[in-house]
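Novice: Taken in sequence, the protein lines are chains G and C. Position in the first sequence counted from 1, then plus 9, gives you this note's numbering. Position in the second sequence counted from 1, then plus 99, gives you this note's numbering.
Any given hint might turn out to be false.
What the hints assert, rightly or not - Footprint (simulated), chain C over chain G, 3 or more residues, beta carbon under 8 Å:
{"id": "1", "stretch": "65–71"}
{"id": "2", "stretch": "77–91"}
{"id": "3", "stretch": "118–128"}
Calculated directly from the structure, the hints in this document are not laboratory data. Where a beta carbon is used, it is the ideal one built from N, C-alpha and C, also for glycine.
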Amino acid sequence: METIIREGSPKTPYVRLDSEKGLIEIKGRSIPENSVEFYKPLIDWLDKYGTGPLEVTNVNVQLEYFNTSSSKCILDIFKKLELIYKKGSKVQINWYYEEDDEDMFEAGEDYQSIINIPFTMIEMEE
Amino acid sequence: MGFDIDKWYLQKMQGEVIVRYMGEICSDKITETLNAIESSLNLKNEKNQTRKKVYNVFVECIQNLFHHVDTPPATANVEASPRFGVIILAKDSYFYRISTGNYVNLSKVNLIRDRIDQINSLSDEELKSLYRDILGNEVISYKGGAGLGMLDIVRKTGNKLEYSIYPHDDDFVFFAMDVYIS
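Model the full structure from these sequences, guided by the hints.
Specialist: In structure tokens:
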């Protein structure tokens, strides 16, 4: 499968979807007005990846800001990962947040309450 | 006589105004405004937590305008663009205030009022629970909004949304909202 890399922009995050390494990364800011446009190809990629995932998939989410429009799309990404996890492959989700960023920590907890994959919450120094 | 938007706009210019805009809220304008805010908050040496909160809440406020405003009627003394709105970010000694304003068709007023009143009545736990419910269960609307915007604002600020609905003409009102971030 082709690796997808999206460079970060003022409103959209850096994204890496790498099927050879089993690596999924979303970093930066996600605040586009219509996130569906941005996230749909990523969700489609995950659909396809799910038909033959690696034994271990590592997911790193390190966001500075994300808007409510993105929050739904990010959930859709986690739902695709949940399907992979349920079929028996290992999925390691690392949710990064800056120290004192309670909002980002809570956002991780929100997802953790909906998605049945264990999250590792990683605090970063400011 | 319709709503006096200029008088209202002047009233909102209290405290130290960081950003103010009245006009079409398009995607580029949003980017430009966010850049201005970020520079300003960095210059003020706000702690990271405050800076992020103000920025995040501002994003939700301005994008709410982007998604939900109605085109002003001909009777309004403003440009009749499809995404006309007003947004102001100001600082008072202890808090930041984001004020927004836009024209709304009379038919939507009850829905908006009910929604805000409902959100304002919820405890922190109830807000969290409702947010997770909507996030987990509802379909994203065709406008690209997830129905979570106002909920997110109240959850992040810990303050109730203050709003006023001003009559304008037979079909439209002017909807004004104030969000406080302490």
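Novice: Run every hint past the structure and note whether it holds.
Specialist: Hint check results:
1. 65–71: violated (count 0)
2. 77–91: Held - the stretch 77–91 of chain G has 6 residues with a Cβ nearer than 8 Å to chain C, which meets the minimum of three.
3. 118–128: holds (count 3)
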